[in-house]
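Enquirer: Throw the hints in and build the complete structure from the sequences for me.
For the record, in the sequence shown the residue sitting at position 17 is 17 according to UniProt numbering, with numbers rising by one throughout.
Source of the hints: derived by calculation from the structure; they are not laboratory data.
Using 30 Å as the maximum straight-line C-alpha spacing, the simulated BS3-like pairs for lysine-lysine come out as follows:
(1) LYS143 with LYS237
(2) LYS200 with LYS237
(3) LYS187 with LYS143
(4) LYS226 with LYS237
(5) LYS243 with LYS226
(6) LYS226 with LYS200
Because the structure is a prediction, the values reported are computed rather than measured.
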Amino acid sequence: MPSFESPALYIDFARLPPPQVIEEIDYEVLLKRYQAKVLELRPELAAAIALEQSPTNVILEAESYGEMIVRERINAAARACMLPFATGSDLEVIGARFNVQRMDGELDPRLRRRIQLSMESFSTAGSPGSYIFHALSVSTQVKDVSAVAERGTGRVTVTIMADGTNPVPSSTLVDAVYDRLMSDGIKPLTDDIRVLPVTKIPVDLSANLTLYPGPDASLVIADVNKSLTSLRNRVSKIGMDLKRSAVIAALTQEGVQNVDIDFQDVNVGTGGVVWINSASVNVSSIREE
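Expert: What follows is the structure in C-alpha cells.
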C-alpha cells in the first residue's frame, strides 16, 4: 500500500487541478471578439455582420477557426511538457531528464509511473519507491510491486505481480528482480532482501438484481458489466482490498433498484492481490409499478 512518507507513491495525477496554462477554447467567443473589433473599427459593417452568410462574416469565421487551431496547438505544446499529460516521444524526452528510458513494449502509463518514481531511486533501494522503481525497471512483465520493511530488523520483503492473465510471476521473473535489487549500487549494505511472488486471492462474484420497470434489461446489464470491469482494474493491484460496499456500488447502476449478493469483504494485506475470475449477474425480478 502507498507510503505517505513518499509522495511519488500516492500522488494521483488524475486528481490534480487543471493547469491554468491550458486554455479552454470557445470558437463562438473568438468569433464574437473578432466581430466586435470590426464593429469598433468600421461601424458601417454592422449590417454585413448581422447577416450570417455575408462575405465579412465568412472571413471572420475563418479567422476565428484559424486562431482556435493555433490556441489548441499551444495547449498541446503545454501538455507535452507536463508529466501527467505527455505521451509518446514527448514523454520519453521527459524521462531522459531523469535518466529513464522506455523499455521494449512499455506503454505510456507504465513509463509515466516509472518516471514519477525515478527520483526515489537516487537513494539506491532505501525507500519503498526506490525498490518499486528498480523492480519495475527489470521487465514490462512486472505490473505492480510492493516493498515492506520489518522495522528494526533490516529485512525487506519485495512482492511482485505479473502482467497478463495470471498475476503470479514466474520464478524466472522473481529471480530477475532479485538479481537487480541485489546489484552493487542498488542494494543498501544493511538490508536483507526477499523477493516474493504475489499471493493470488481468486474471487467469483454472483449477484441477482431487481430492476426498475422501463429500462431494457440488456442495457442495464451491459452498464453493470462495464462497471465491474472498471472495479476489477482498480483492485487488481498489490494490497488493494475488495470491499462489499465497492461491489454493491459497481452493481448499482442506472435502472437497478436492488442488489442481492452473498459477498464479504476480502482483505489481502501487503502481499496479496484480489483476482476477480468471474462475475455472474442475473435479473431476478422487475419491481412492480
